[in-house]
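All chains, full assembly: derive it from the sequences and hints.
So the sequence shown is numbered by the UniProt record's numbering: it starts at 1 and just counts up by one.
Everything labelled a hint here was simulated from the structure, so no lab data went into it.
Please note that the accuracy of each hint is not assured.
[Claimed, not checked] Within a straight-line C-alpha distance of at most 27 Å, the following computed DSS-like cross-link-like pairs (lysine-lysine) qualify:
no., residue 1, residue 2
1, Lys231, Lys47
2, Lys233, Lys169
3, Lys29, Lys138
4, Lys92, Lys102
5, Lys47, Lys233
6, Lys138, Lys76
7, Lys47, Lys29
8, Lys29, Lys231
9, Lys46, Lys231
10, Lys233, Lys46
11, Lys76, Lys92
12, Lys92, Lys29
13, Lys78, Lys169
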Amino acid sequence: MVDEYGRWDWPQFRSYVDDTVAMHIVAMKPPAPHNNADGYMWRWSKKGNFNIVDTFGALSQASNNPTNDKWNWVWKFKGPQRICHFIWLVLKERLFTNGERKRRGFTEIDICSLCDSSRESLIHAIRDCHWARTVWLKVLPHTMVNRSGGYRNSGTRACWQPPALGWTKLNVDGAVDPLTGATAVGGVLRSTNGSWLAGFAHNLDICSVTNAELWGLLDGLQIAWSLGINKVKVESDNMSVIQ
Numbered sequence: 001m002v003d004e005y006g007r008w009d010w011p012q013f014r015s016y017v018d019d020t021v022a023m024h025i026v027a028m029k030p031p032a033p034h035n036n037a038d039g040y041m042w043r044w045s046k047k048g049n050f051n052i053v054d055t056f057g058a059l060s061q062a063s064n065n066p067t068n069d070k071w072n073w074v075w076k077f078k079g080p081q082r083i084c085h086f087i088w089l090v091l092k093e094r095l096f097t098n099g100e101r102k103r104r105g106f107t108e109i110d111i112c113s114l115c116d117s118s119r120e121s122l123i124h125a126i127r128d129c130h131w132a133r134t135v136w137l138k139v140l141p142h143t144m145v146n147r148s149g150g151y152r153n154s155g156t157r158a159c160w161q162p163p164a165l166g167w168t169k170l171n172v173d174g175a176v177d178p179l180t181g182a183t184a185v186g187g188v189l190r191s192t193n194g195s196w197l198a199g200f201a202h203n204l205d206i207c208s209v210t211n212a213e214l215w216g217l218l219d220g221l222q223i224a225w226s227l228g229i230n231k232v233k234v235e236s237d238n239m240s241v242i243q
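Okay, structure coming up:
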């Protein structure tokens with residue numbers, strides 16, 4: 001399944017699996033002779049080996065944990081019970097949109113029945129649809145709406161901070177298309193005074209944002225090492241990647 005250059009052999013994949021499965025596979029690093037052999041790893045253990053303590057700890061921190069403040073806020077919301085239930089469905093990503101109905105085989109059409117222009121995903125139904133946007137623009141404070149009719153982040157503005165003298169900073173970021181699931185990653189290496197040293201950007205087909213940023217971290221470090229840069233400080237907005 002790998003060609004003579006060490007890359008995934010795309011035509012062979014298409015002979016055995018459909019394009020959706022193939023795009024998940026090619027988003028992963030191809031096997032190579034100098035890499036370690038593949039093996040099984042337990043995702044909730046730091047060393048990759050199964051143990052009851054780490055697994056219990058991971059399960060106890062699951063998103064449906066009743067001690068999680070997010071869920072406490074939902075059920076303490078002072079409003080109709082149906083609104084609480086709707087918010088709960090959104091947070092659990094269980095809203096029965098046309099996109100979800102098609103995925104489960106209940107319908108052939110996943111287009112939004114209101115705007116009739118885009119696939120009805122969760123984010124489309126609650127934010128990006130023209131009719132949903134009209135409602136938000138009426139209820140959101142004016143300071144949270146920009147001139148183009150979009151939504152403005154009201155959080156603290158972040159600025160790039162230079163690394164210490166003698167160090168290089170690597171900034172990486174990944175993104176996912178909510179309609180197709182395709183991902184991309186990019187990064188840039190800058191010196192202490194902010195000068196651009198190198199950069200990269202490429203598509204990764206279908207994978208999670210975390211995996212995309214891990215790809216970016218790997219690519220950025222390989223570029224740094226190829227330039228003879230050994231002291232690199234990594235910066236990302238994904239804490240799981242940094243950890």
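For each hint, the structure was consulted:
Under the criterion of a C-alpha separation no larger than 27 Å, the hint pairing lysine 231 with lysine 47 is consistent with the structure, at around 26 Å. As the CA atoms of lysine 233 and lysine 169 are separated by approximately 5 Å, the hinted pair is consistent with the 27 Å bound. Proximity of lysine 29 to lysine 138 is assessed by CA-CA distance (about 47 Å); at most 27 Å being required, the pair is judged violated. With a C-alpha separation of about 18 Å, the suggested pair lysine 92 and lysine 102 falls inside the 27 Å cut-off, and the hint holds.
Note on lysine 47 and lysine 233: the hinted pairing holds, with a Cα-Cα distance of about 24 Å set against a maximum of 27 Å. Among the hinted pairs, lysine 138 with lysine 76 is consistent with the structure: their alpha-carbon atoms are about 25 Å apart, no more than 27 Å. Of the supplied pair hints, the one linking lysine 47 and lysine 29 holds, its CA atoms being roughly 21 Å apart against a limit of 27 Å. The hinted pair formed by lysine 29 and lysine 231 meets the criterion: a straight-line CA distance of about 25 Å does not exceed 27 Å.
The hinted pair formed by lysine 46 and lysine 231 meets the criterion: a straight-line CA distance of about 25 Å does not exceed 27 Å. For the hint pairing lysine 233 with lysine 46, the CA-to-CA distance comes to about 23 Å; that is within 27 Å, so the pair holds. Of the supplied pair hints, the one linking lysine 76 and lysine 92 holds, its CA atoms being roughly 17 Å apart against a limit of 27 Å. Annotation: proposed proximity of lysine 92 to lysine 29 is violated, straight-line Cα distance about 31 Å (limit 27 Å).
Under the criterion of a C-alpha separation no larger than 27 Å, the hint pairing lysine 78 with lysine 169 is inconsistent with the structure, at around 46 Å.
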